[in-house]
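Here are the chains, one letter per residue:
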Amino acid sequence: MKPAPFDYVRAASLDEALSALHEAGDEARVIAGGQSLVPMLNMRLARPSVLVDVMRIGELARIEHRKGMITIGAGVRQAQLERWAPLAGTLPLVASMMPWVGHAQTRSRGTVCGSFAHADPSAELPLALLALEGEVHLRSKKARRVLPAADFFLGMMATAAQPGEMVEAIGLPAHGIGTGTAFAEVARRHGDFAIVACAAIARPGGAIRLAVGGVADTPQAIALPDPSDPDFDDRLNEFAWALNARDDLHASARYRRDLVRSLGRRTVEEAVSCRS
Amino acid sequence: MPKLNRDTRTDVTFTLNGKKVTARSEPRLLLTDLLRHELGATGTHVGCEHGVCGACTVRIDGEPARACLTLAAQAEGADIQTVEGLEPEPGGMSPLQAAFREHFALQCGFCTAGILISLKALFDRKPGASEQEIREQLSGHLCRCTGYTPIVRAALAAQAQMREEEPRNA
Ligand code: FES
Ligand code: FES
Numbered sequence: 001m002k003p004a005p006f007d008y009v010r011a012a013s014l015d016e017a018l019s020a021l022h023e024a025g026d027e028a029r030v031i032a033g034g035q036s037l038v039p040m041l042n043m044r045l046a047r048p049s050v051l052v053d054v055m056r057i058g059e060l061a062r063i064e065h066r067k068g069m070i071t072i073g074a075g076v077r078q079a080q081l082e083r084w085a086p087l088a089g090t091l092p093l094v095a096s097m098m099p100w101v102g103h104a105q106t107r108s109r110g111t112v113c114g115s116f117a118h119a120d121p122s123a124e125l126p127l128a129l130l131a132l133e134g135e136v137h138l139r140s141k142k143a144r145r146v147l148p149a150a151d152f153f154l155g156m157m158a159t160a161a162q163p164g165e166m167v168e169a170i171g172l173p174a175h176g177i178g179t180g181t182a183f184a185e186v187a188r189r190h191g192d193f194a195i196v197a198c199a200a201i202a203r204p205g206g207a208i209r210l211a212v213g214g215v216a217d218t219p220q221a222i223a224l225p226d227p228s229d230p231d232f233d234d235r236l237n238e239f240a241w242a243l244n245a246r247d248d249l250h251a252s253a254r255y256r257r258d259l260v261r262s263l264g265r266r267t268v269e270e271a272v273s274c275r276s
Numbered sequence: 277m278p279k280l281n282r283d284t285r286t287d288v289t290f291t292l293n294g295k296k297v298t299a300r301s302e303p304r305l306l307l308t309d310l311l312r313h314e315l316g317a318t319g320t321h322v323g324c325e326h327g328v329c330g331a332c333t334v335r336i337d338g339e340p341a342r343a344c345l346t347l348a349a350q351a352e353g354a355d356i357q358t359v360e361g362l363e364p365e366p367g368g369m370s371p372l373q374a375a376f377r378e379h380f381a382l383q384c385g386f387c388t389a390g391i392l393i394s395l396k397a398l399f400d401r402k403p404g405a406s407e408q409e410i411r412e413q414l415s416g417h418l419c420r421c422t423g424y425t426p427i428v429r430a431a432l433a434a435q436a437q438m439r440e441e442e443p444r445n446a
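Protein chains in written order, with my numbering: chain A, 1 to 276; chain P, 277 to 446.
It is possible that part of the hints are untrue.
[To be verified] What follows is a list of derived Cβ distance ranges for each label pair:
id	chain 1	residue 1	chain 2	residue 2	range
1	A	Asn244	P	Pro278	57 to 65 Å
2	P	Asp287	A	Arg203	51 to 59 Å
3	P	Gly338	A	Leu87	32 to 40 Å
4	A	Arg145	P	Phe380	56 to 64 Å
5	P	Glu378	A	Tyr255	50 to 58 Å
[Unchecked claim] Only pairs whose alpha carbons sit at most 30 Å apart, straight line, appear in this in silico DSBU-like list of lysine-lysine:
id	chain 1	residue 1	chain 2	residue 2
6	P	Lys279	A	Lys2
7	A	Lys141	P	Lys279
8	A	Lys2	P	Lys295
Hints were generated in silico from the structure; no laboratory data involved.
For every residue, glycine included, the Cβ atom is placed at its ideal position computed from N, Cα and C.
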């Protein structure tokens, strides 16, 4: 339960971090809060030969709200976002999820972007990114690119980030007036892995989007009709089957499908009821 | 840029319970092992070493955190408080510790150091935390022998006493 040896670079600037990542290629991993990476190091599920610590880079620790977009830098800890005063007004969906993200003792260190880079299929923050159709800002020594959430998550703990690239920030569109959002999760306890997590968004124009985490290898989203529509339950049921739920230690596939149907309907109804 | 070589032990300096300390560590050393093996501060316990049990919880810059999920190198320059830093004078007990004894909130004591640190951090930030908030904070800890009811009782009693002593926090 001790990490295998690695070199450790404490980057003082973004340039330094990107150069170190560039040099080491796929042997390197970024360490930010370390709340997902260090368990993997301890269990030797990850054995990088270089760790690049980005937490001393001041410019990455910022949350910015500009032109309807909230940008969260790679150095922003989850607790910092949780206590960011405008959160409830600008990202109510994220605000309602925060108590479910790990525990207070891990949110204190874990970063928001780290949760995306780790891409655990049952994690809440990636679900928010997909539900809100956010974007991921990737940066390497030579280039930068911006990917929509759906193109970033490739599979269980697999993302589109290439060797030498790091998540520099993520962008989430600020809450639109009149939009309703809702979140619900079933887990053994707050902070445990989600068995099923649902996030719903109801736009004033009538569009409804439901995103589900904890079932497929990546969070998945679907557009749905109004819950009063006779097709609603069939569409949700098809979606529940299409997620290819599996049996595991925590729950059976059938239970997960049941949860997608019941929790899915409930979150959509709640989102619709707070739409105006 | 400071690059620490995997085989080289370098100095890490931070504040531990109000005193500046320096210890030698290689990059892969965990903060738990630095505290216990290099500095002899064995009040911090190690259970699971992957962030699940909370036995290793210490405060890093005021926030409760898993020392087993923190590399010693990440603690450079930080302000760290461990259970040893709770006693008001050598051999004495803080109100929180006294309440744990009074209410039988520990049996084997393995989980206790981490829980005390988490509760202290909660009450410092939010002296009037509700029972619900106390329970949420405790959800980051596993106790396998006492059970949580006496722990919650002790936390509430300590909170009441601390607020009596320092009414401006009320
Ligand atoms: S030893 Fe750190 S959480 Fe269990
Ligand atoms: S007192 Fe024994 S584990 Fe909590």
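List, from low to high, the hint numbers that the structure doesn't satisfy.
1, 3 and 5
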